[in-house]
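Peer 1: Listed below are the residues making up each chain.
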Amino acid sequence: MSISTGKRLRPQLDDQPDVASATSKATLNGGRRGVTQRNRPLWLLAPGGMMMLLIIVIPLLIGLYIALIDLDQYTLRQWMATPFVGLANFIEAITETSLLKAIWLSVSYSVLSTLLTVPLGVAAAAATQNHFRGRGIVRSLFLIPYVMPAFVVATVWQTIFQPDGILNQVLNTQGTLWLNGPNSYWALVIAQVWSAWPFIYLMSLAGLQSVDHEVHEAAALDGAMWWKKLRYVVFPYLRGPVALACLIGTLHHINNFTLPFVLFGVPTPIDVEVLPILTYVTAFQSLRFGLSAAMAIVSLVLIMIPLFIYLRAVKLDTTEEPGGTK
Amino acid sequence: MKSVRSLAALLAVAAASVSLSGCGGGTAPQGPVSTAIDGKGQTLNAYLPADSVNSEAQKAWFAEVGAKFKEETGAEVHWETFASANEELTKIQTSVVSGQGPDLYGIGTSFTPTAYSTGAFVKLDDTLWSTMGGRDKFVPAQLGISGPNEDNQIAVPLATDPFVIAYNTELFQAAGMDKPANSWDGLVEQAKKLTTDTAYGMAIPYKDNFAPWKFIWGMSAQAGNPLVDGKSVSLDDSSTVEAYETFFGWLSNDKVVDPASVGWNFSQATAEFASGKAAMLPMASSRIIPTLEKSAVAGKVKFALLPTTPPGETSRPSDGVEAASIIGGTNLVIADYSQQKHLAAALIKVMTGEEAQLSQYTKLGILPSTKAAQDALPASNYDYKPFLEAASKSKATPFTAAWSDVQLAMTNVVVQSLPELSSGTLDRAKIKQRVEEAQKSAESAVERIKG
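From first to last, the protein sequence lines are chains A and B. Read in order, the letters of the first sequence correspond to residues 1 to 326 in our numbering. Read in order, the letters of the second sequence correspond to residues 1 to 451 in our numbering.
Certain hints may be false.
[Said to hold, decoys possible] Each pair of labels, with its calculated beta carbon distance range: (1) Ala271/B with Ile94/A: 40 to 48 Å; (2) Glu437/B with Ile62/A: 32 to 40 Å; (3) Ile62/A with Thr362/B: 42 to 50 Å; (4) Ser55/B with Asn130/A: 35 to 43 Å; (5) Lys385/B with Asn255/A: 45 to 53 Å; (6) Glu437/B with Asn255/A: 27 to 35 Å; (7) His78/B with Thr258/A: 26 to 34 Å; (8) Pro140/B with Leu307/A: 58 to 66 Å; (9) Glu64/B with Ile62/A: 36 to 44 Å; (10) Leu54/A with Lys385/B: 54 to 62 Å; (11) Gln42/B with Ile62/A: 30 to 38 Å; (12) Glu71/B with Leu53/A: 44 to 52 Å; (13) Thr258/A with Ala271/B: 22 to 30 Å; (14) Val138/A with Lys440/B: 52 to 60 Å.
No lab work stands behind these hints, which were simulated from the structure alone. Every residue gets a Cβ at the ideal spot worked out from N, C-alpha and C, and that includes glycine.
With the sequences and hints as input, model every part of the structure.
Peer 2: Okay, structure coming up:
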């Protein structure tokens with residue numbers, strides 16, 4: 001027996017008239033254009049554009065400028081007259097600091113944390129998809145780690161990870177150091193996974209709720225059992241939301257400052273000297289603002305790579321959707 | 001293209017306004033000032049560290065000082081507090097860059113050299129000193145970190161916070177001793193006698209971000225090594241390596257410290273001492289007294305000076321310094337961009353006046369920084385004399401703009417050594433290797449000093 005794919009099990013969408021296509025054809029034939037393509041009131045975007053300019057573009061440009069000058073505690077007062085050093089800060093950041101190691105640590109721990117949160121989040125979403133008594137309470141409880149402030153999460157895990165803390169008591173590993181040495185990396189991953197899996201759960205839940213009832217019925221009529229239903233019906237629907245959740249989650253982990261800062265303090269053990277911590281120490285302990293800005297720019301570029309790939313993929317995807325603008 | 005031009009124009013306007021306001025701050029008039037300052041209709045902005053434990057009492061103190069200030073000058077004070085050094089530094093940065101912000105800052109003593117290096121704070125001249133009530137009213141040692149020398153000072157001590165040893169008198173008596181020794185070796189021998197099945201000799205916060213470097217600095221200074229002298233850095237001196245060995249050895253060799261302390265900050269070490277499970281708590285300040293008064297050791301605690309004889313010695317070498325404590329506490333500095341510098345000096349006069357200093361002690365438990373207020377301290381459940389003695393014998397950490405990096409490098413040696421300390425594999429070679437890394441880091445910071 002062959003099971004229909006998710007795409008084939010969407011007759012109601014396939015049966016919809018292709019509105020965009022029709023509109024496009026009407027336009028090409030010189031007919032009436034849609035309101036979005038005629039006399040566009042683009043000025044309505046001005047407030048949003050101004051906000052973006054003030055909140056994103058100008059600080060970004062200032063950050064870029066700071067990365068190109070020798071701004072530190074000695075030149076802070078005359079920062080407009082600070083010597084321009086070109087790419088020297090970037091070169092120093094890459095060749096003379098632990099930036100590359102910090103990038104590796106940030107990316108590896110972030111990807112690892114995301115990979116570990118996916119099965120947890122999807123399983124939790126699947127487990128709470130069908131109605132059962134107390135489902136609302138369970139769903140609320142699942143969100144607790146996500147809604148707790150990062151500072152509180154870090155403080156709680158710091159207590160758990162103490163040498164005489166509860167984790168060592170449970171594991172019978174008295175005295176083991178979790179907040180220093182190689183174990184600190186795993187401590188960071190554990191705390192991050194604990195606080196981040198509900199995000200995957202939320203996105204998975206949203207994906208599951210978008211599966212039409214008819215699709216489940218069709219799969220049942222085809223005789224699909226739970227695993228095949230999950231594999232060939234539900235998972236294809238989850239692919240988009242979970243991929244987006246993975247991307248956002250990973251970027252959030254890379255940028256997460258509070259968790260490692262509160263968990264380990266400064267100076268941080270070398271095994272968890274992640275990018276935000278290194279940038280912070282350079283700016284606020286060594287007071288080398290130019291060098292720190294260069295590190296921040298590097299981290300921005302780092303974050304933009306997967307974001308760009310994803311946005312490209314989404315753009316390609318939406319053009320195939322009915323109503324998508326080509 | 002048009003949008004690019006608009007953006008460029010906007011940036012130019014923003015930059016011009018920033019630089020103009022900066023100029024405004026830099027050219028503030030500084031003419032001679034009469035003793036009586038008329039500040040009627042003016043408001044002064046003061047930015048001070050928050051007392052998170054006694055926030056209501058701190059507000060009451062602010063109100064009291066503000067009322068007195070208004071009575072004397074006619075001006076109001078707008079008080080603002082910060083919870084962390086990070087918050088304060090961000091404020092200083094934005095204010096310095098924009099030329100607008102608080103007129104008066106309260107900063108940590110060890111941050112003063114860094115603040116000095118920014119050039120963003122007023123160098124105190126005779127007129128300002130006079131407005132503040134004179135230099136002589138302060139305990140001389142407390143001015144040791146106000147500037148590189150007496151002619152170039154930017155800071156005035158608001159509060160004294162020296163470090164001493166807290167010790168459990170009951171455990172000391174049980175072991176047949178009366179008070180802590182004045183040498184580090186003697187202290188370890190005492191700690192060994194005090195270590196029993198129910199208590200350790202000392203509570204040490206190995207994972208604290210601030211305490212460990214103070215031990216290392218103190219032992220090194222007592223051995224004659226200032227760590228930084230001008231452009232010369234001597235972190236890799238054998239005296240400093242020995243200081244680290246001693247510090248780590250309390251746990252690994254002497255076994256006078258709870259092994260769990262590799263994960264403790266100072267609060268956790270204080271909790272251990274307060275529960276009666278440790279006989280001594282070195283590097284304690286008077287701020288722990290409220291905690292001790294509510295603890296199992298209430299009434300059984302006394303304080304003594306930290307040892308001033310370096311490890312491995314029976315007496316201090318001739319070039320050694322009697323460093324009983326770093327100069328701890330809060331310094332007041334006036335922003336260079338302030339248009340009300342003399343009014344700020346008048347507020348400092350009120351804040352460091354005997355009445356306000358005693359009120360600060362009564363309300364917040366903070367020791368005064370002036371001679372008159374120290375002499376007039378009221379009776380207390382605790383004997384404050386060791387704190388006052390430690391304050392008078394406090395020594396300044398090197399007055400270098402690179403101190404922040406040096407301090408970080410010194411603490412980093414401890415942080416990166418904790419796994420080996422915990423597993424019992426930390427040896428002199430590894431300590432030396434990390435100290436050499438710290439030396440390079442400190443040298444690099446010192447080389448970057450400008451001006």
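Peer 1: It remains to establish, for every hint, whether it holds in the given structure.
Peer 2: Evaluated hints:
| no. | hint | verdict |
| --- | --- | --- |
| 1 | Ala271/B with Ile94/A: 40 to 48 Å | 44 Å, holds |
| 2 | Glu437/B with Ile62/A: 32 to 40 Å | 34 Å, holds |
| 3 | Ile62/A with Thr362/B: 42 to 50 Å | 47 Å, holds |
| 4 | Ser55/B with Asn130/A: 35 to 43 Å | 50 Å, violated |
| 5 | Lys385/B with Asn255/A: 45 to 53 Å | 51 Å, holds |
| 6 | Glu437/B with Asn255/A: 27 to 35 Å | 28 Å, holds |
| 7 | His78/B with Thr258/A: 26 to 34 Å | 30 Å, holds |
| 8 | Pro140/B with Leu307/A: 58 to 66 Å | 59 Å, holds |
| 9 | Glu64/B with Ile62/A: 36 to 44 Å | 42 Å, holds |
| 10 | Leu54/A with Lys385/B: 54 to 62 Å | 58 Å, holds |
| 11 | Gln42/B with Ile62/A: 30 to 38 Å | 33 Å, holds |
| 12 | Glu71/B with Leu53/A: 44 to 52 Å | 49 Å, holds |
| 13 | Thr258/A with Ala271/B: 22 to 30 Å | 24 Å, holds |
| 14 | Val138/A with Lys440/B: 52 to 60 Å | 55 Å, holds |
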